[in-house]
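Asks: Sequence:
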Amino acid sequence: MERFKTAGSIHDKKRSGRPRTATGDANAASLLAKLVVSPSRSTREVAEECGTSQANVSRILSVNHFHSYRMHFVQKVHGDDTDMRVQFCERFLERQTNQPNLETDIC
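Per full-length UniProt numbering: the sequence shown ends with 107, consecutive numbering throughout.
Careful, some of the hints might be misleading.
[Claimed, not checked] Estimated spans, in silico, between C-beta atoms of each pair:
#1 7 with 93: 48 to 58 Å
#2 67 with 21: 42 to 52 Å
#3 63 with 8: 36 to 46 Å
#4 42 with 18: 21 to 31 Å
#5 15 with 67: 21 to 31 Å
#6 7 with 63: 56 to 66 Å
#7 18 with 64: 20 to 30 Å
#8 106 with 49: 20 to 30 Å
Derived from the structure by calculation, the hints contain no laboratory data. The beta-carbon is built from N, C-alpha and C at its ideal position, and this holds for glycine as well.
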């Protein structure tokens with residue numbers, strides 16, 4: 001409460017010291033441009049190509065609301081899965097008619 005009373009805000013003051021250059025606007029723009037061209041590249045590959053650390057790449061992605069890309073297969077679809085999925089959808093639609101707020105209640 002004291003910080004709010006004296007400074008009018010709860011946020012930290014700007015720190016002294018050398019600013020980060022590896023995550024600056026110029027480096028961030030070139031790094032993001034490379035990821036837009038080929039989004040399936042790993043952060044390690046991009047870090048090596050840009051001559052920066054993997055932590056800097058992750059920091060730039062986070063600040064710019066990007067997510068690192070990693071493709072992985074969760075499950076294999078079998079022959080009878082289609083019928084089970086259709087049954088699930090039919091049951092869900094039936095419940096939705098009886099309970100209008102079902103989507104919001106689930107979350």
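Asks: Look at each hint and say if it fits the structure.
Replies: Comparing the hints with the structure gives:
no.	hint	verdict
1	7 with 93: 48 to 58 Å	holds (55 Å)
2	67 with 21: 42 to 52 Å	violated (24 Å)
3	63 with 8: 36 to 46 Å	violated (26 Å)
4	42 with 18: 21 to 31 Å	holds (29 Å)
5	15 with 67: 21 to 31 Å	holds (28 Å)
6	7 with 63: 56 to 66 Å	violated (24 Å)
7	18 with 64: 20 to 30 Å	holds (22 Å)
8	106 with 49: 20 to 30 Å	violated (43 Å)
In this structure, the earlier hints numbered 2, 3, 6 and 8 are contradicted, and the remaining ones agree with it.
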